[in-house]
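S.K.: Chains as they are written, first to last, in the numbering used here: chain V, 7 to 105; chain G, 126 to 588.
These aren't lab readings, by the way, just hints derived from the structure by calculation. A couple of the hints might just be wrong.
[What the hints assert, rightly or not] Covered, in the sense of this in silico footprint (three residues per stretch, anywhere, with C-beta under 8 angstroms from a C-beta of chain V), are these stretches of chain G: (1) 315-324; (2) 333-345.
[Said to hold, decoys possible] In the PhoX-like style, the derived pairs of lysine-lysine whose C-alpha atoms are separated by at most 20 angstroms in a straight line are: (3) G:K185 / V:K64; (4) V:K95 / G:K487; (5) G:K427 / G:K380; (6) G:K535 / G:K460; (7) G:K487 / G:K454; (8) G:K460 / G:K280; (9) V:K98 / G:K487; (10) G:K185 / V:K98; (11) G:K408 / G:K380; (12) G:K427 / G:K535; (13) G:K454 / G:K427; (14) G:K454 / V:K95; (15) G:K454 / V:K98; (16) G:K460 / G:K487.
Just so it is clear, CB atoms sit at the ideal spot from N, CA and C, and this is done for glycine as well.
Below are the chains, spelled out letter by letter.
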Amino acid sequence: MVTPDLISSLYVFILAAFIGFEVIRRVSPLPHTPLMSLTNALDAIAVVGAIILAGERKSNLALIFGTIAIVAATSNIVGGFIITDRMLKMFKSSRTQKP
Amino acid sequence: MIPATHLIEATYIIAVVLFILSLKWLSSPATARHGVWAGEAGMLLAIIGTLMYHGIVDYKWIAIALVLGAIIGVPLGNVQMTAVPQRTALSHAFGALCVTLVGTAEFYLRTPNVSAFVMSVLSLEVILGGLTITGSLMAAGKLQEWLPQRPITYKGQNFVNLGMLAIAVVIAVMLVRNPGQTHLYPFMVGIALVFGVMMIIPIGGADMPTVISLLNSYAGLSAAAMGFVLNSKLLIVAGSLDGASGFILSVNMSKAMNRSFTNVLFGAFGQVQTSTAGAGEAKPVRSATPEEAAAILSAANKVAIVPGYGMAVAQAQHKVRELYDALTKRGVDVKFGIHPVAGRMPGHMNVLLAEADIPYDKLLEMDDMNSEMAQTDVALVIGANDVTNPAARTDPGSPIYGMPILDVDKARTVMVIKRSMSPGFAGIDNPLYYLDNTLMLFGDAKQFVNSIVRELTGAGGGH
Chain V
7 MVTPDLISSL YVFILAAFIG FEVIRRVSPL PHTPLMSLTN ALDAIAVVGA IILAGERKSN
67 LALIFGTIAI VAATSNIVGG FIITDRMLKM FKSSRTQKP
Chain G
126 MIPATHLIEA TYIIAVVLFI LSLKWLSSPA TARHGVWAGE AGMLLAIIGT LMYHGIVDYK
186 WIAIALVLGA IIGVPLGNVQ MTAVPQRTAL SHAFGALCVT LVGTAEFYLR TPNVSAFVMS
246 VLSLEVILGG LTITGSLMAA GKLQEWLPQR PITYKGQNFV NLGMLAIAVV IAVMLVRNPG
306 QTHLYPFMVG IALVFGVMMI IPIGGADMPT VISLLNSYAG LSAAAMGFVL NSKLLIVAGS
366 LDGASGFILS VNMSKAMNRS FTNVLFGAFG QVQTSTAGAG EAKPVRSATP EEAAAILSAA
426 NKVAIVPGYG MAVAQAQHKV RELYDALTKR GVDVKFGIHP VAGRMPGHMN VLLAEADIPY
486 DKLLEMDDMN SEMAQTDVAL VIGANDVTNP AARTDPGSPI YGMPILDVDK ARTVMVIKRS
546 MSPGFAGIDN PLYYLDNTLM LFGDAKQFVN SIVRELTGAG GGH
């Protein structure tokens with residue numbers, strides 16, 4: 007039951023979780039809101055699973071669920087990147103600020 | 126067709142690198158926007174790579190769905206900054222919806238030939254996904270004030286909630302043992318969906334930062350589980366990055382509210398509330414007019430402004446910016462003390478103040494602000510309550526005892542802008558208001574700050 011695929015997936019999961027902890031621990035509280043919208047946009051990479059599901063069209067259920075899933079994920083990708091960039095653009099230091 | 130699969134894998138590997146760089150660059154304000162570009166580039170590459178997959182027989186619905194998703198996404202990316210908490214909750218719901226739908230379709234395609242391991246992660250995927258869909262929609266509804274914000278509690282609530290979760294897990298175990306029992310599957314997802322609603326019912330507004338972080342973490346974990354089901358390393362990485370981020374934020378938020386992490390993990394928020402309603406007896410408070418407040422502020426050398434959710438509700442951030450300008454022009458040193466749980470989501474106050482063009486180096490974290498508090502002449506509290514309550518330091522009987530607060534009471538003078546003396550959501554009386562060095566400024570935050578600004582800029586008499 008335990009396949010090599012599964013083992014390598016577990017390695018990837020553990021390593022990615024550690025990288026996530028180490029990278030995100032360094033983010034100061036200042037951009038915590040953009041952090042959340044950015045990770046949410048990245049998380050919408052689930053769209054690749056939905057694209058294959060809808061594209062393979064193995065059943066009507068797969069096509070319908072896959073299509074709705076693409077819509078949901080794409081709206082997160084587009085909306086998430088737009089709002090993250092809008093928020094980050096607003097953060098200005100007093101040294102660089104124009105009067 | 127071998128080259129195509131290699132090419133697809135190559136785009137995925139580059140996407141993984143770009144995603145990690147994206148988060149790394151976010152940690153410094155100078156490179157933060159590069160982080161967004163890296164994320165976008167990685168996403169685009171991965172989607173293009175996936176579209177090359179030879180198993181795709183029909184592109185029509187994919188194209189329609191991508192366009193429709195983009196059409197919905199643009200307005201969601203352009204909401205007002207004050208609506209960011211509910212937008213974030215909604216996006217967690219969308220992410221979880223995608224994951225749950227894909228998991229469900231995969232189950233019906235593969236049953237009964239599902240290995241025990243795949244069935245286990247698939248169950249985890251759809252249970253976490255299901256409760257995140259409805260939980261996030263409930264949270265968004267409360268934040269948008271479509272649903273009552275007050276926490277609703279009843280006897281045995283935790284028992285009912287944990288019982289429901291236990292039943293979902295039992296069904297999952299039965300499916301793992303025999304994945305052919307397709308009639309059980311809808312119950313598992315259905316219970317997860319109901320559980321999401323029940324989980325958020327006892328949550329009040331003040332707990333929202335923790336809850337949103339937790340739902341963020343669940344959305345990430347369910348996506349990582351989906352990666353295991355589809356054997357997609359790309360999804361596992363993206364899901365665990367999101368899960369780790371949400372987890373770290375949840376731990377930060379629960380520390381900032383002095384809740385244990387298990388308390389948060391089991392969704393038992395909102396429990397400490399309603400224990401001490403405001404004591405009825407009227408204690409004397411001192412109040413001041415905008416003119417007096419302006420005089421005190423302009424005589425100060427150092428001013429600390431402590432904003433809270435009330436500032437967001439009154440949309441007062443732009444007036445606060447005018448106050449900051451007027452005081453800075455008079456040579457007053459103005460800084461902002463930001464409590465981690467001020468507002469309705471992590472970083473909420475920073476975004477609102479940045480929107481009002483207040484430079485981010487004036488926004489201090491709680492500990493940094495507290496170390497300057499003793500040398501501060503005036504602490505001005507705008508729409509914040511519990512995060513300034515000295516009972517958290519001094520009164521072991523208080524429900525918020527032990528919670529780290531902004532020590533505004535240590536400033537020479539404290540001024541609190543507040544609508545009335547009624548205790549806030551948490552129903553906890555704030556002894557700060559009765560201190561000798563406290564002046565209450567009664568009124569709407571936006572109007573009161575505006576009156577102070579008019580006094581300071583000399584425009585007060587012209588009306």
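S.K.: Run every hint past the structure and note whether it holds.
M.R.: Hint check:
Coverage of the stretch 315-324 of chain G by chain V is violated in this model, with 0 residues showing a Cβ closer than 8 angstroms to a Cβ of that chain against a need of three. Figure legend: the stretch 333-345 of chain G, annotated as covered by chain V; annotation consistent (5 residues with Cβ-Cβ distances under 8 angstroms, at least 3 required). Restraint check for G:K185 and V:K64: the C-alpha separation of about 15 angstroms stays at or below 20 angstroms, so the hint holds. Between V:K95 and G:K487, the direct Cα distance comes to roughly 17 angstroms. Compliance with the 20 angstroms bound is thereby established for this hinted pair.
For the given pair, G:K427 sits about 29 angstroms from G:K380 by alpha-carbon distance, which is inconsistent with the 20 angstroms threshold. Distance hint between G:K535 and G:K460 is fulfilled; the C-alpha atoms sit about 15 angstroms from each other, no more than 20 angstroms. The suggested pairing of G:K487 with G:K454 holds, with an alpha-carbon distance near 15 angstroms, which does not exceed 20 angstroms. Between G:K460 and G:K280 the alpha-carbon distance is near 45 angstroms, which puts this suggested pair outside the 20 angstroms criterion.
Of the supplied pair hints, the one linking V:K98 and G:K487 holds, its CA atoms being roughly 10 angstroms apart against a limit of 20 angstroms. With a C-alpha separation of about 44 angstroms, the suggested pairing of G:K185 with V:K98 is violated against the 20 angstroms cut-off. Of the pairs offered as hints, the one joining G:K408 and G:K380 is violated, with about 32 angstroms between alpha carbons and a cut-off of 20 angstroms exceeded. A threshold of 20 angstroms between alpha carbons decides the hint, and for G:K427 with G:K535 the separation of about 13 angstroms falls inside it, so the pair holds.
Proposed proximity of G:K454 and G:K427 is supported: the alpha carbons are some 13 angstroms apart, at most 20 angstroms. Between G:K454 and V:K95 the CA atoms are separated by roughly 25 angstroms; this puts the pair beyond 20 angstroms, and the hint is violated. The straight-line distance between the Cα atoms of G:K454 and V:K98 is roughly 19 angstroms, inside the 20 angstroms bound, and the hint therefore holds. Proximity of G:K460 to G:K487 is assessed by CA-CA distance (about 5 angstroms); at most 20 angstroms being required, the pair is judged to hold.
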